[in-house]
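There are 2 protein chains.
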Amino acid sequence: MKEIRIGLFGFGTVGQSVYKVISGARNAHASIARICVRNLAKPRETEVPDGILTDNADDIFDDPSINLIVEVVDDAAASYRIVTRALRKGLPVVSGSKTMIAAHLPELIELQQQTGAALLYDASSCGSIPVIRNLEEYYDNDLLLEVKGILNGSSNYILSRVFDHNEPYGEALDKARRLGFAESDPTFDLSGQDSLFKLVIITVHALGVYVNPADVFTFGISNIHDADILYAREKGMKIKLVAQVVKIADDRFTMFVMPEFVAPGKYIYSVDNEYNGVVIRGECYDRQFMFGKGAGGMPTASSILSDVMARRYGYRYEYKKMSYSGLPAYTTDVSLRIYAHYLDTDIPSLLPFTRIRESFKSENANYVIGDILLSDLIANRALLDAPDVFIADFPMFFLDRDD
Amino acid sequence: MKEIRIGLFGFGTVGQSVYKVISGARNAHASIARICVRNLAKPRETEVPDGILTDNADDIFDDPSINLIVEVVDDAAASYRIVTRALRKGLPVVSGSKTMIAAHLPELIELQQQTGAALLYDASSCGSIPVIRNLEEYYDNDLLLEVKGILNGSSNYILSRVFDHNEPYGEALDKARRLGFAESDPTFDLSGQDSLFKLVIITVHALGVYVNPADVFTFGISNIHDADILYAREKGMKIKLVAQVVKIADDRFTMFVMPEFVAPGKYIYSVDNEYNGVVIRGECYDRQFMFGKGAGGMPTASSILSDVMARRYGYRYEYKKMSYSGLPAYTTDVSLRIYAHYLDTDIPSLLPFTRIRESFKSENANYVIGDILLSDLIANRALLDAPDVFIADFPMFFLDRDD
Chain P
0 MKEIRIGLFG
10 FGTVGQSVYK
20 VISGARNAHA
30 SIARICVRNL
40 AKPRETEVPD
50 GILTDNADDI
60 FDDPSINLIV
70 EVVDDAAASY
80 RIVTRALRKG
90 LPVVSGSKTM
100 IAAHLPELIE
110 LQQQTGAALL
120 YDASSCGSIP
130 VIRNLEEYYD
140 NDLLLEVKGI
150 LNGSSNYILS
160 RVFDHNEPYG
170 EALDKARRLG
180 FAESDPTFDL
190 SGQDSLFKLV
200 IITVHALGVY
210 VNPADVFTFG
220 ISNIHDADIL
230 YAREKGMKIK
240 LVAQVVKIAD
250 DRFTMFVMPE
260 FVAPGKYIYS
270 VDNEYNGVVI
280 RGECYDRQFM
290 FGKGAGGMPT
300 ASSILSDVMA
310 RRYGYRYEYK
320 KMSYSGLPAY
330 TTDVSLRIYA
340 HYLDTDIPSL
350 LPFTRIRESF
360 KSENANYVIG
370 DILLSDLIAN
380 RALLDAPDVF
390 IADFPMFFLD
400 RDD
Chain U
0 MKEIRIGLFG
10 FGTVGQSVYK
20 VISGARNAHA
30 SIARICVRNL
40 AKPRETEVPD
50 GILTDNADDI
60 FDDPSINLIV
70 EVVDDAAASY
80 RIVTRALRKG
90 LPVVSGSKTM
100 IAAHLPELIE
110 LQQQTGAALL
120 YDASSCGSIP
130 VIRNLEEYYD
140 NDLLLEVKGI
150 LNGSSNYILS
160 RVFDHNEPYG
170 EALDKARRLG
180 FAESDPTFDL
190 SGQDSLFKLV
200 IITVHALGVY
210 VNPADVFTFG
220 ISNIHDADIL
230 YAREKGMKIK
240 LVAQVVKIAD
250 DRFTMFVMPE
260 FVAPGKYIYS
270 VDNEYNGVVI
280 RGECYDRQFM
290 FGKGAGGMPT
300 ASSILSDVMA
310 RRYGYRYEYK
320 KMSYSGLPAY
330 TTDVSLRIYA
340 HYLDTDIPSL
350 LPFTRIRESF
360 KSENANYVIG
370 DILLSDLIAN
380 RALLDAPDVF
390 IADFPMFFLD
400 RDD
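Protein chains in written order, with numbering that gives the first Met the number 0: chain P, 0 to 402; chain U, 0 to 402.
Any given hint might turn out to be false.
Calculated lysine-lysine pairs in the DSS-like style (CA-CA distance at most 30 angstroms, straight line) [unchecked claim]:
| id | chain 1 | residue 1 | chain 2 | residue 2 |
| --- | --- | --- | --- | --- |
| 1 | U | Lys174 | P | Lys19 |
| 2 | P | Lys1 | U | Lys246 |
| 3 | U | Lys319 | U | Lys1 |
| 4 | P | Lys1 | U | Lys19 |
| 5 | P | Lys360 | P | Lys234 |
| 6 | P | Lys246 | P | Lys319 |
| 7 | P | Lys319 | U | Lys319 |
| 8 | U | Lys1 | P | Lys246 |
| 9 | P | Lys319 | P | Lys1 |
| 10 | P | Lys19 | U | Lys1 |
| 11 | P | Lys319 | P | Lys88 |
| 12 | P | Lys319 | U | Lys19 |
| 13 | U | Lys88 | U | Lys1 |
| 14 | U | Lys41 | U | Lys19 |
| 15 | P | Lys234 | P | Lys246 |
| 16 | P | Lys174 | P | Lys234 |
| 17 | U | Lys1 | P | Lys319 |
| 18 | U | Lys41 | U | Lys174 |
| 19 | P | Lys246 | U | Lys19 |
Taking CB as the label site, the calculated pair distances span [to be verified]:
| id | chain 1 | residue 1 | chain 2 | residue 2 | range |
| --- | --- | --- | --- | --- | --- |
| 20 | U | Asp332 | P | Glu106 | 34 to 42 angstroms |
| 21 | U | Arg232 | P | Ser361 | 41 to 49 angstroms |
| 22 | U | Thr45 | P | Glu109 | 41 to 49 angstroms |
Keep in mind that the hints were calculated from the coordinates and are not lab data.
Note that this is a predicted model, so its numbers are computed, not measured.
Note that beta-carbon positions come from the ideal geometry of N, C-alpha and C, so glycine has one too.
Next up, chain P with everything else stripped away, as it sits in the complex (with noise of 0.2 angstroms):
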């Protein structure tokens, strides 16, 4: 058990969160040798050692005492040369960077294969809740039936104003993006885009298959009206962005992004403000809810901390399940009940329903609720971003507790 010698790349808030907890870590036995920056000019808050910094990624690579890369770079381009640079000479890396991951995740398992050097990345799923982890070392056996969750700080942060302190959207949104939950331009937030980000990296480690993100449905919150608000409240529930993957038979499963109508007794519906929530359901042992900060730079930075000490002992990723006999195949015909609001775009007659269970027409808003099959979502796609329309995934039982 060597000491560990850190290349820092990325110093913007997670980085410095990751130099804060390392430096202090008494009884991690590593320590952080260079940090990367594109940008050695830029005031910073966090005061590091004269000699540390660097914008010459080869005063990493080309420095023989370091041991350990890790990644936090705000850019899945440069991310993702970082990454493949290290495994192919044979150094791990701990990453954060879920976009580059999730688009990529195919090749980094054979590199590291092939190069014998370990990816990790909790922390690019929930901060700091060890769903990654969990998912590979503790629930890999035949028994998990679905992951469901809110993976989304941003998003969260935003549906709980709207839904817990009665705030409008466009308002809850600002606050979001004062307080630093949302970047300045929020859309890959919003959008679902993070959410099915992570979901992707979730599934390989959940059931052993990567689903590439452009076949996964994915709607995000961005197109919310005051009338699908009001709705939800009538009825008692939140709307809340949840990402699931759902085993549907033993050798079929769905995944799916999408906003959801939540009643009070499901575990997600207390998941407020910036938080993460998981809910792990198993043949055996029913459902397991994991909770947790799941954005910011300390929780992050503890993730990544717990990676790193993980090297110590040579932890790696083994993808078992990957290989096992029978995996289940990706499907997208399965019916979905939705609710669909909508004001000139004609929704009931321009979405293949297999059958309409409510419709509502008023002046301002009109809704329908119905079944339709997934792959019928995808086909239709292009339609659902008209900014009138809003879909979200209305269950079909309310009142059980069951997620």
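Since the structure of chain P is already known, use the hints to place chain U on it.
Below, chain U without anything else, positioned relative to chain P:
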């Protein structure tokens, strides 16, 4: 990665669940070779192939094809003999026996180090919730401040019937017995002993320190009175049986098991029925909450299966934290605010409160709320066993959602 052939000790509720789960797990590469029971003639629900059952432990220990012992016997002395015999033979063991492990952990750790054989026991604490594994592997850093939770399903079921369903305590206890949540002698659960043993194990993996169960203040719910229930209800609170280990300074921690008045904002407030819930608090990640089924054959068996599968990859607890420098020391020199109900026993004059904050007297029940040293509670432990006395932790701040 060889096939795992298991010698199973114990074939009661948990043992039979283990058999079902392992027999049905397609990718476990594990099978149950022999099952050792005390009484071969006892009728059992689960059918097994001829010749698998035995009442002679030698049939397992002398079978060279068996490479893992799974031990779920309901007898601490027998469990100790089986586990130590296996470890001495170099055979790894998966055990669910919290009483035995809590009592003998230092010796069992030494034995593992001497023989190289591993002992895993995630099932011993909180059934299906992977508390031990997460504390050992993921929260392995200096940032951990507190582990607090509801660790006993039976007592929580009873309190949940009382507080959520307005049932009298005696009726709730009967129901728990009928449903199999409480043993025919439920003393072990209701006295807090079960929670205590789990807490002792958790503390080893949380802080790297073993504390003898006899040195830990433990007070259960057996002596709860209608007046206590009424008092909590009037304040809008529930009483829960809570176990906790808390760092009170960098170099000191305390731990105890005691009923607690829990306000609605707290995470553990909503842990109902036979569920367990654990809050892990740390410096960076604030609070993490893990929630799931803490008892019962199948949840326990799923946890055993996870440990069995971890053995395929040679997983073992490293007890890393025990070798850390500057381990915190256990102290009982800490002030608590408690609620104490009494009738004939003159609690206000017999217990050395440092400050009385509230006192109430009536014809049927008296109570006092005051500050007292934990060490003074321990010194006066016998006094608290009087049937008219019930004490509960009365935390100072009710309204902040802090655990």
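Now the hints, each set against the structure:
no., hint, verdict
1, U:Lys174 / P:Lys19, "violated, 52 angstroms"
2, P:Lys1 / U:Lys246, "holds, 29 angstroms"
3, U:Lys319 / U:Lys1, "holds, 27 angstroms"
4, P:Lys1 / U:Lys19, "violated, 43 angstroms"
5, P:Lys360 / P:Lys234, "holds, 17 angstroms"
6, P:Lys246 / P:Lys319, "holds, 18 angstroms"
7, P:Lys319 / U:Lys319, "holds, 25 angstroms"
8, U:Lys1 / P:Lys246, "holds, 29 angstroms"
9, P:Lys319 / P:Lys1, "holds, 27 angstroms"
10, P:Lys19 / U:Lys1, "violated, 43 angstroms"
11, P:Lys319 / P:Lys88, "holds, 24 angstroms"
12, P:Lys319 / U:Lys19, "holds, 22 angstroms"
13, U:Lys88 / U:Lys1, "holds, 19 angstroms"
14, U:Lys41 / U:Lys19, "holds, 19 angstroms"
15, P:Lys234 / P:Lys246, "holds, 29 angstroms"
16, P:Lys174 / P:Lys234, "holds, 26 angstroms"
17, U:Lys1 / P:Lys319, "holds, 14 angstroms"
18, U:Lys41 / U:Lys174, "holds, 26 angstroms"
19, P:Lys246 / U:Lys19, "holds, 21 angstroms"
20, U:Asp332 / P:Glu106: 34 to 42 angstroms, "violated, 57 angstroms"
21, U:Arg232 / P:Ser361: 41 to 49 angstroms, "holds, 44 angstroms"
22, U:Thr45 / P:Glu109: 41 to 49 angstroms, "holds, 43 angstroms"
Checked against the numbered hints given earlier, the structure breaks hints 1, 4, 10, 20 and satisfies all the rest.
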